[in-house]
Structure formats: structure tokens, C-alpha cells
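*Asks:* Sequence:
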Amino acid sequence: MMMRICRGVGEFRRKILRLIRISLTIFSHLPLLLAPSPIFMHFFSSTFSH
Numbered sequence: 001m002m003m004r005i006c007r008g009v010g011e012f013r014r015k016i017l018r019l020i021r022i023s024l025t026i027f028s029h030l031p032l033l034l035a036p037s038p039i040f041m042h043f044f045s046s047t048f049s050h
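The numbering used here numbers the first residue of the sequence shown as 1 and each following residue consecutively.
For the record, the hints were derived by calculation from the structure and aren't laboratory data.
None of the values given here were measured: they were computed from a predicted structure.
Worth double-checking, as some hints may not be accurate.
Mimicking SDA-like on lysine to any residue, the simulated pairs with C-alpha atoms at most 20 Å apart in a straight line are [as the list claims (entries may be wrong)]:
no., residue 1, residue 2
1, K15, I5
2, K15, M3
3, K15, P31
4, K15, I26
5, K15, R4
6, K15, L32
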């Protein structure tokens, strides 16, 4: 029982880490993509100010 739970947690953690890595690469590229338009920059900053 405990082994199955531990294995499930390991799989879950690996998926979460992959999602975090993907979202980090996307977020690091977002300012470069949105830099030309001030509207998107305003939306970007207002979204992350909360």
C-alpha cells in the first residue's frame, strides 16, 4: 500500500517538475515576445502584481 502511494507521489512530482520547467521557459520568453507592445506589457505587469 505505502509503496504504491510513494510511487504515485514520485510520478506526480516528476510531472509537476516538468510542468514547472516548461512554464519557466515560457515565462522567460514571454517578455521578449511581448516587449514590442506596451498593452501586453501593461497586462503582464498587472497580472503579476497581484
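*Asks:* Confirm or reject each hint.
*Replies:* Right, here's what the structure says about each hint:
1. Our distance criterion of 20 Å between C-alpha atoms is met by K15 and I5, whose separation comes to about 15 Å.
2. Among the hinted pairs, K15 with M3 is consistent with the structure: their alpha-carbon atoms are about 18 Å apart, no more than 20 Å.
3. Among the hinted pairs, K15 with P31 is inconsistent with the structure: their alpha-carbon atoms are about 25 Å apart, more than 20 Å.
4. Proposed proximity of K15 and I26 is supported: the alpha carbons are some 17 Å apart, at most 20 Å.
5. With a CA separation close to 17 Å, the supplied pair K15 and R4 stays within the 20 Å bound.
6. With a C-alpha separation of about 27 Å, the suggested pairing of K15 with L32 is violated against the 20 Å cut-off.
Hint violations for this structure: numbers 3 and 6, all remaining hints satisfied.
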